[in-house]
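Undergrad: Start from the sequences and build out the full structure, keeping to the hints where you can.
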Amino acid sequence: MRYVGPNRPEDTLATLIEFGPEENAFFETRFTSFEEGKSYEPRYKTFWLNVHGLANLELLKFIGRRFGLHPLVMEDILNTQQRPKVEVYPGYLFITARLVHVNDNGEVGSEQIAIVLGRGFVLTFQEMPTGTFDGLRTTLKNGQSQIRKLGADYLVYSLLDKLVDRYFNVIEHLGERIEQVEDAIAAGPRPEHLSEVRTLRRSLLYVKRGLWPTREVVNVIQRDEPDFFHAETQLYLRDVYDHTVQLIESTDALRDLVGSLQDNYLALQSHRMNTQMRMLTAVTTVFMPLSLVAGIYGMNFDVMPELHWRWGYYAVLGGMLALGGGLLWFFKIRRWF
Amino acid sequence: MRYVGPNRPEDTLATLIEFGPEENAFFETRFTSFEEGKSYEPRYKTFWLNVHGLANLELLKFIGRRFGLHPLVMEDILNTQQRPKVEVYPGYLFITARLVHVNDNGEVGSEQIAIVLGRGFVLTFQEMPTGTFDGLRTTLKNGQSQIRKLGADYLVYSLLDKLVDRYFNVIEHLGERIEQVEDAIAAGPRPEHLSEVRTLRRSLLYVKRGLWPTREVVNVIQRDEPDFFHAETQLYLRDVYDHTVQLIESTDALRDLVGSLQDNYLALQSHRMNTQMRMLTAVTTVFMPLSLVAGIYGMNFDVMPELHWRWGYYAVLGGMLALGGGLLWFFKIRRWF
Amino acid sequence: MRYVGPNRPEDTLATLIEFGPEENAFFETRFTSFEEGKSYEPRYKTFWLNVHGLANLELLKFIGRRFGLHPLVMEDILNTQQRPKVEVYPGYLFITARLVHVNDNGEVGSEQIAIVLGRGFVLTFQEMPTGTFDGLRTTLKNGQSQIRKLGADYLVYSLLDKLVDRYFNVIEHLGERIEQVEDAIAAGPRPEHLSEVRTLRRSLLYVKRGLWPTREVVNVIQRDEPDFFHAETQLYLRDVYDHTVQLIESTDALRDLVGSLQDNYLALQSHRMNTQMRMLTAVTTVFMPLSLVAGIYGMNFDVMPELHWRWGYYAVLGGMLALGGGLLWFFKIRRWF
Amino acid sequence: MRYVGPNRPEDTLATLIEFGPEENAFFETRFTSFEEGKSYEPRYKTFWLNVHGLANLELLKFIGRRFGLHPLVMEDILNTQQRPKVEVYPGYLFITARLVHVNDNGEVGSEQIAIVLGRGFVLTFQEMPTGTFDGLRTTLKNGQSQIRKLGADYLVYSLLDKLVDRYFNVIEHLGERIEQVEDAIAAGPRPEHLSEVRTLRRSLLYVKRGLWPTREVVNVIQRDEPDFFHAETQLYLRDVYDHTVQLIESTDALRDLVGSLQDNYLALQSHRMNTQMRMLTAVTTVFMPLSLVAGIYGMNFDVMPELHWRWGYYAVLGGMLALGGGLLWFFKIRRWF
Amino acid sequence: MRYVGPNRPEDTLATLIEFGPEENAFFETRFTSFEEGKSYEPRYKTFWLNVHGLANLELLKFIGRRFGLHPLVMEDILNTQQRPKVEVYPGYLFITARLVHVNDNGEVGSEQIAIVLGRGFVLTFQEMPTGTFDGLRTTLKNGQSQIRKLGADYLVYSLLDKLVDRYFNVIEHLGERIEQVEDAIAAGPRPEHLSEVRTLRRSLLYVKRGLWPTREVVNVIQRDEPDFFHAETQLYLRDVYDHTVQLIESTDALRDLVGSLQDNYLALQSHRMNTQMRMLTAVTTVFMPLSLVAGIYGMNFDVMPELHWRWGYYAVLGGMLALGGGLLWFFKIRRWF
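Residue numbers (this note's numbering), protein chains in the order written: chain A, 15 to 351; chain B, 15 to 351; chain C, 15 to 351; chain D, 15 to 351; chain E, 15 to 351.
For the record, the hints were derived by calculation from the structure and aren't laboratory data. Note that the structure is predicted; figures quoted are calculated from it, not measured. It is possible that part of the hints are untrue.
As the list claims (entries may be wrong) - Listed next, the in silico DSS-like pairs over lysine-lysine satisfying Cα-Cα at most 30 angstroms (straight line):
(1) C:LYS75 with B:LYS176
(2) E:LYS176 with A:LYS222
(3) C:LYS176 with D:LYS222
(4) C:LYS155 with D:LYS75
(5) D:LYS99 with C:LYS99
(6) B:LYS99 with A:LYS176
(7) E:LYS222 with D:LYS163
(8) A:LYS163 with B:LYS75
(9) E:LYS176 with D:LYS176
(10) C:LYS163 with D:LYS99
(11) E:LYS75 with D:LYS155
(12) E:LYS222 with A:LYS222
(13) C:LYS176 with C:LYS155
(14) C:LYS176 with D:LYS99
(15) D:LYS155 with C:LYS222
(16) D:LYS346 with C:LYS346
To be verified - Footprint (simulated), chain B over chain C, 3 or more residues, beta carbon under 8 angstroms:
(17) 297 to 304
(18) 307 to 314
Note that beta-carbon positions come from the ideal geometry of N, C-alpha and C, so glycine has one too.
TA: Rendered as structure tokens:
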């Protein structure tokens, strides 16, 4: 058991919420060291223990022993780069998932949340407080809330529901950025746009890699775990499952759009190059013959009768104008401008 | 329960149609407020309650309670951005699907229709009246129509059949636009065409995202729900299923064509550039040597014997003509023009 | 029931062939109106009723009633843009498939054939006589033919076998055209080739869309319909199934080749452009410095000592030759020509 | 039954090998006409009848009758363009597969081998002797060989094993040619390389189309035919199956490499064009201003004071050198050379 | 049985480790010849025989006989180019897998490891010592290690776990190289980058071809082999399986990035070409008209009144400046610079 990450042991914070279906059956407390935990006695039927910070190994080991968690579960809690998954152990269900968010510089990141669902209790483990579940705590205080009535499995549903909502935010954000880049490329393609397209592509890949296994997790717990989830909660999980399917389709649609952005970039650039080439060709075709004429009458031959004609100069200038104008007219009717 | 959309509560309009297999067993009425609904007593065996406008939450809640709809069903009715799906609840079947249409500016949009099929009744919920089902109401008045005989499940089949017909219209419209863009590109590729190609690609993606789950919905209700659909109606649903499969294949074929449009665009542009490049190279290759000759005989050296020859000027002019003509002939046999 | 197509009612032609396993058990007759059909009495064990032309609705309705065809079957017979499919109805099997052919202008088209297989009879419906099944009629007259012995199901196998053979012809034709276009592109890419590539791509897509469901149809009737097909006939259907698989693979291989045709086109065009660019660059690089030299000695400065040298002119000409030759030699060793 | 191919009837050669598990139980004989075959009496438990040449229809029909082969089997033997397949008939198993080889001009071709495995006998049919199975005959003479002990099914395994080995040779050959083309393109892309890439792509497609169904054949006979293959032989077939899987993966990897060859070609050509463009731009940018300066001082105005300065000519030459050098230096720091 | 590879017979080294669950139940010995092996008597419950070097066929045959290995197993051990697989034989399980590593020149290579798991023993065969499993030996000496307690199947898990860890290293290495190449391309695309992209693509393909079957192997032994693996070990194998899934996803993500690298390369090169083309066009468009003007006034006509004007020269110079400046300004507002 080893933790590699930014947490320091003293930042670990365990919050315990106990609740029951009765109106006043709610109690919340916090531990920062595992000594406090040892002597604790639960009061109500169901409790939710949330741990922020994973560096206090002693506390985590204590929790592991207290709830009989398998060594592999403990390792998965500490290894925060897990692929989302669900695993059944005797007496409890172990779920990991990823909480996505958008960085200040617009990149998509994520944090792991590990959830243990047992009979009458839920344990959650995160590296950092993200505020995603603050609303849940408030809801729990309300004696009428569904979670109070339906218990631990509905709490897990609520956690997953919040988590999936975060994906909606991220997808929406990425959709807006794609439109911005699209407009910018239409205004004038520049190499910076390509690196933005790459960042978007990578972000979508990142989101997709988080969503696919999450869908699988929700699917598995909805279908195969009647022991841990009531029939009523399973209806709600089916709803979360539909949301993940919708999210995956949106991600695929955005990926399609990003793919065509790059094609668009190249097509626009090729169009610009075409325009320049047309101009270059026209300028060259118009001026090269004229320059040749001027060069011919700049030759120093003794015998060049035209040079001595009265209107020779004007005739040549006129001829040049006619030739140049004719070529321009030719390009015009060929629709070059 | 929350509705986010353009409807105002006072626009909500509920239409109730009652009917039975007998010749005159048809009755139609309208409510705009839920007070009217409370005291209503049904007359015939089967009824269809259609609600336009989703902002009158009080009415919707009343309907929900009256027919025992699950809170998740109510949420799905109000959230009009659902993916099409079918869900079985005790006593009724809940279906959502999308009614596609083409905007005035040629983009494809869609609206959600939510259908609840219970024993002897059908509920439908839409944001706006779209006129798609007006024909159905007329058919229903006819005492000989199949719906009168086969009841609620056949009515749901008829709704889905109309809905799928709309997809045929949209696909046909997109097929025509693809041909137009193809002709326009062949006439001369311009960047506007690319953005049209993008719009078409997006529209087809949109249609496909509506069709796939619709096919799944029809498949599920045709195969797995013998409780809600008679054997006779299932034959008809199989027909609708075949239509969705055909539509999906058409969409894929159109996507393939749109994909090759972009390739075509690039190939044509590259061809034009090639033509210009050929012209530029030919002009440069013909005139540069001639200009050099003119330049040489424009030099001011004291000793340049050619300048004093009797026929020097004419010889040089003739040489230039021969050189230029030779180069043009060379390009001719290399098939540059 | 509505028919939209080129047929006129008076063109409808129904051909009835009765046959049995005995040597002389063969009889053929034709109806053009349904009055003739009403009073008809069959003679032998098995009969095949083939209808060309779908506009005589009265006759079709009569046939539908006579053989107890479901309204959906009648609609599918009249709607000639169906996707191939097979459907089981009580007492008969309904199959639709597509007869492909190559138009005079090289495009691939198809017509629908609807087949109804019941106990002891086969009904077929086509818009036009295509001649595909003429050989079958001749075979049937022969008292030793397999169809006479094995009856209606073997007749359906024979129809499908002929139909699949037509696909082989079309695939072969497309394969030859691909090779022609390939040779033409290698000889010199022109935009016309691109539109030919598009036509080929579209034709292959068309063939594939006909083949896939046909394979499915043959698979289904071979595996799942022991009631309609004898074990012996099923062996033959397995053979037809193998042919459809082989056809689909050939189509995919041709699609792959067509895809690489477009790449080839672009690569060859890019190669030509490269050659032109090389020529342009070489010409410019050789002549620009020489022109500069000529321009310098064409300046009118009072003091330009070289102009007065005895061999100045010849030295400059020689220098130009050396410079030009050196540059050409430089391009030579860089393998530009 | 009809054979279309290069064989003449008199070239047909049937080789019969009889063998048993005992040390000396081996006997080999040859027939060229079917008269010899009619009166033949087998000696040992197992025999292998190999037929080269398919034009002697009389002999083939005799064999067909003698071993009770179905008419469809006879047709498949004569139609040498079959897709590999396996079919179960009462009393025997019918397998077709393709023997691949590399032509002298480097293209991949194949021949069909048809195998019939019955109780105690194996029949094989080929158009030409290919020498692939010569080693097997030698092995069979050896009294200790596995085939002698395990009988007809192990003989079929041995045939398939040799056949799959041939694919390894072909894949290796194609791998080497891909590397050659890759090196040639890196040395300088030429259009010939593209047609070589196309040939390679086609060859790989050809190999893949032979391998896929072969894998399926081996899979089917290994899993589903315990009647025809002993448990011990099935272990060996599993080995052949692994080889086909490995071959398919190698083919896919090579296809991937061939695909990137074309991309490489285009990228290298685009790089060369870039280099030329850079040179063209640099030459033009350097020499055009200089030529303009020379042109200006070649004008014939009466009043051009610079022309009469003492050091005017040298100043202009110096200015030209400075300007040209400055531009070159500018391109240098922009990394154009 | 034949071995083709770099090993010499005298390099073969067999290491035997015996162990049991007790504290001191550990014993390690080495053989170099098979004579030593013949007379050996095991001491503890479980043993692990590791063979490095495959050229000593006599020793390998002895091992094969001693443990009853099937001839196909022996062949697979010697053929070191196997695809990873697992096969069940009576009494033992045979697994092959690939140990990946990165060469000094950055290419990915791999070696085969063959594992035989029987009741109470594990045999491993490798061509070379790679040091991957040195840590395992140290762990085994520790009396408290899991392997000592859980026995042979847990040892196999540990071997697979180490092997999969190596894939993580290689993937990480490739990820870093992709970023380096990406940065290098952004700094300035050069053809060398393309060949690096190709090497990366090939390496990822190589890794993927090793990972896919490894995942399958782990999946099969985790699910289908309860006879060989305890329930406790299966939990650990599920963990290894998750790792392989994660690795495959990472590989696919990297492949996606490599694919877009090539697109990026082309887009950047096209951007550079565009820039050059713009410069070329601007230079040509500015200087060609100016040169024409200079050429006109360099003509030698007798009658050219402008030449004799007092300010003619200055007017022309001024006009040239105005024209050139105007063109530059035109390009400026068209955003060409």
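Undergrad: If a hint holds in the structure, say so; if it doesn't, say that too.
TA: Evaluation of the provided hints:
no. : hint                   : result
1   : C:LYS75 with B:LYS176  : holds, 25 angstroms
2   : E:LYS176 with A:LYS222 : holds, 29 angstroms
3   : C:LYS176 with D:LYS222 : holds, 29 angstroms
4   : C:LYS155 with D:LYS75  : holds, 26 angstroms
5   : D:LYS99 with C:LYS99   : holds, 25 angstroms
6   : B:LYS99 with A:LYS176  : holds, 22 angstroms
7   : E:LYS222 with D:LYS163 : violated, 41 angstroms
8   : A:LYS163 with B:LYS75  : holds, 22 angstroms
9   : E:LYS176 with D:LYS176 : violated, 37 angstroms
10  : C:LYS163 with D:LYS99  : holds, 28 angstroms
11  : E:LYS75 with D:LYS155  : holds, 26 angstroms
12  : E:LYS222 with A:LYS222 : holds, 20 angstroms
13  : C:LYS176 with C:LYS155 : holds, 17 angstroms
14  : C:LYS176 with D:LYS99  : holds, 22 angstroms
15  : D:LYS155 with C:LYS222 : violated, 51 angstroms
16  : D:LYS346 with C:LYS346 : holds, 24 angstroms
17  : 297 to 304             : holds (count 5)
18  : 307 to 314             : holds (count 6)
The structure fails to meet hints 7, 9 and 15 from the earlier list, while all remaining hints are met.
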